[in-house]
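A.B. asks: Letter by letter, the chains look like this.
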Amino acid sequence: MSQTLLEIKNLTKHFPVTQGLLWQKTVGSVKAVDGVSYRLGTGETLGLVGESGCGKSTTAKMILMLEPPTSGSILFQGEEVRSLSGKALHGYRRGVQAVFQDPYSSLNPRLRIGRLITEPLVVNTEMSKAQIEERLRELLDLVGLSHRAAHLFPHEFSGGQRQRIAIARALALRPRLIVLDEPVSALDVSIRAQIMNLLQDLQEEFGLSYLLIAHDLAAVLHLSTMIAVMYLGKIVETGSSHTLRTQPLHPYTQALFSAALPGHPDDQRDEVIIEGEIPSPLNPPAGCRFHPRCPFAQAICAVEEPVLQPQAGGSEVACHLY
Amino acid sequence: MTEPLLAVNNLQMHLFANRGTRVVKAVDGVSFTLSKGETMGIVGESGSGKTMTSLSILRLLPTAGRIVGGEIRFAGQDLLGKTDREMQRLRGSDIAMILQDPMMSLNPLFTIGEQIAEPLRVHRGMRGTGLFNRLKELLHGVRIPSPETRLRDYPHQMSGGMRQRIVGAIGISCEPSLLVADEPTTSLDVTIQAQYLQLLKEIQQRIGLAMMFITHDIGIVAKMCDYVAVMYAGKLVERAPMRTLFRAPKHPYTEALLKAVPRLNTTTERLWSIEGQPPDLAAVPPGCPFSPRCPVAEARCCRDTPPEFQVGPNHYSRCWLQEGA
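Protein chains in written order, with our numbering: chain A, 3 to 324; chain B, 792 to 1116.
Among the hints, erroneous ones may be present.
Partial list, derived from the structure: chain A residues whose beta carbon lies under 10 Å from chain B [said to hold, decoys possible]: (1) Gln196; (2) His244; (3) Phe259; (4) Gly278; (5) Glu307; (6) Leu310.
With a Cα cut of at most 20 Å, we get these calculated DMTMM-like pairs of lysine to aspartate or glutamate [said to hold, decoys possible]: (7) Lys827/B to Asp869/B; (8) Lys11/A to Glu121/A; (9) Lys63/A to Glu82/A; (10) Lys816/B to Asp885/B; (11) Lys827/B to Glu966/B; (12) Lys1050/B to Asp268/A; (13) Lys992/B to Asp268/A; (14) Lys992/B to Asp1017/B; (15) Lys827/B to Asp875/B; (16) Lys1050/B to Asp218/A; (17) Lys827/B to Asp973/B; (18) Lys1050/B to Glu128/A; (19) Lys992/B to Asp269/A; (20) Lys992/B to Asp885/B; (21) Lys1050/B to Asp203/A; (22) Lys992/B to Glu277/A; (23) Lys1050/B to Glu1060/B.
Keep in mind that the hints were calculated from the coordinates and are not lab data.
Ideal Cβ positions, reconstructed from N, Cα and C, are used throughout, including at glycine.
When you get a sec, could you build the whole thing from the sequences and use the hints?
C.D. replies: Structural data, given as structure tokens:
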């Protein structure tokens, strides 16, 4: 096992729900992330899969320090991130970068590409103009864009090229970890493969770690070393992508697999189509949160909340069946 | 052989911009047939002309668009020769369409009951209890619980999956013989998508509907379709029965597209990627539009546009490599 780069322990994020305009009172809370723990090793990719509202993006935001967690801890290279300040905090922010889903809204349309990519360098380092120029050319080469691109504006590029620009910007400060929030879902199929290959190449070259958030199961399986499946703010199953591919245990994971569209007609699995919709995270079901939709639910599922238990195949599952 | 339900022959639809000085060949020589009860998928990347093909069939083109050639025959009638009034009578009644975004295709100011009732009132002249019973039946058919109360709800009171099912109910309300679904599930979550696709399949079997799926997702095709047409830069580059297309694609673009998708059951070290970008439709390269990105392109490919070659039963490919094959 490789060295742990990022570890989160029992992380929770509750958003208060308020009523009233002036004298607001809290009437409840949305438990967007509720006790999530995992570790991510150097050079590894952790894939977070789940449907909308399962808390995968909120988790990423907490790691990027865009949202303060309600409780729990985030350890980066063994250090508690929430207690960092000054230089150390600066270092953390440089070491963790992000690439977002929509390359149309994540790039400022009024800045030229050169400026967009080098802005983190100007803000965070004391590099000279010439050094920055050189780094810019290096970055453009890395992501496969021509040097000419530096003088153009974002609207002159296609979706795939914009995503390359976003990746170059994330790489500028030589980060250790990149949070990829649906990096390819806005792209066309033929471009998607280009970007996924680029991400893999960069990971190999620089020993980067990725936290990959996506709903496309096949893409996550393809890119990730480890996978965590989330449902309504909780991890229901985690394991290596190989174990999950061959032996998904949790009924929700199985349902996700059978609901995922096959890349080939021969890939079709047994249909475990689950009924119903995702319940509101405002008052999630008691016991196992998946039990109202679960085809194998028993009496105990409605009462007692299952915890993650290690299984024979090497994965961990939160389900009363195992 | 009986006449197919829908036959599109060499359809050409161009968009005219800048007072006709800039012509974009959005649909350029598309031909296919669709029989009763069959499901066809049109796959392609954004800007490949798949939506424009479907809009041409319904004659719902943007103002800049004009059909400049070809033929569309639906149930023995020539659709291009019809007047706007005649088309109006056909749309929603014999040919229905489901659009991508259920948020945009439902009117937020009317209850869903009123919106499902509209085509029934207009096309079938239904009123009163008969109409109400039909509405309940339709909602029941798309598995909306407690239909009586739900009929009085507004679109914002429903989730995305439910809204998309309402749109589906509107689509099938008059029991059309052809349903055109343009990316019907892109805004849905995977488990909801699976439910919806399952539902469409069931409805199709129940009422013998022919469906046309417009999608960028090869997975929907693998799951739903009997026949596939692959579009690239306004041209239909390959069409074949679904399994044939996956087993033995006969166009380099189709082949690359299939290899570019990660598989669920098997690990691939590295995905096959198609270099470059799809061409801008206003400046499609001469010859085969895929030639600049094609790994096996020859000199001829950059010069002459390949015609459709038949490579198997009901299997056609627009690639010079298939000449005489």
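A.B. asks: Give a verdict on every hint.
C.D. replies: Hints and how they fare:
1. Gln196: For Gln196/A, the interface hint holds, since the closest Cβ of chain B sits about 4 Å away, which is under 10 Å.
2. His244: 7 Å, holds
3. Phe259: 7 Å, holds
4. Gly278: 9 Å, holds
5. Glu307: 21 Å, violated
6. Leu310: 22 Å, violated
7. Lys827/B to Asp869/B: Satisfied, since the Cα-Cα distance of roughly 17 Å is no more than 20 Å.
8. Lys11/A to Glu121/A: 33 Å, violated
9. Lys63/A to Glu82/A: 16 Å, holds
10. Lys816/B to Asp885/B: 28 Å, violated
11. Lys827/B to Glu966/B: 13 Å, holds
12. Lys1050/B to Asp268/A: 14 Å, holds
13. Lys992/B to Asp268/A: 19 Å, holds
14. Lys992/B to Asp1017/B: 12 Å, holds
15. Lys827/B to Asp875/B: 25 Å, violated
16. Lys1050/B to Asp218/A: 17 Å, holds
17. Lys827/B to Asp973/B: The given pair, whose Cα atoms are some 19 Å apart, holds under the 20 Å limit.
18. Lys1050/B to Glu128/A: At roughly 45 Å apart (the allowed maximum being 20 Å), Glu128/A and Lys1050/B break the hint.
19. Lys992/B to Asp269/A: 19 Å, holds
20. Lys992/B to Asp885/B: Within the cut-off at roughly 18 Å; holds.
21. Lys1050/B to Asp203/A: 18 Å, holds
22. Lys992/B to Glu277/A: 16 Å, holds
23. Lys1050/B to Glu1060/B: 12 Å, holds
Going down the numbered hints, you'll see the structure goes against 5, 6, 8, 10, 15, 18, while the others check out.
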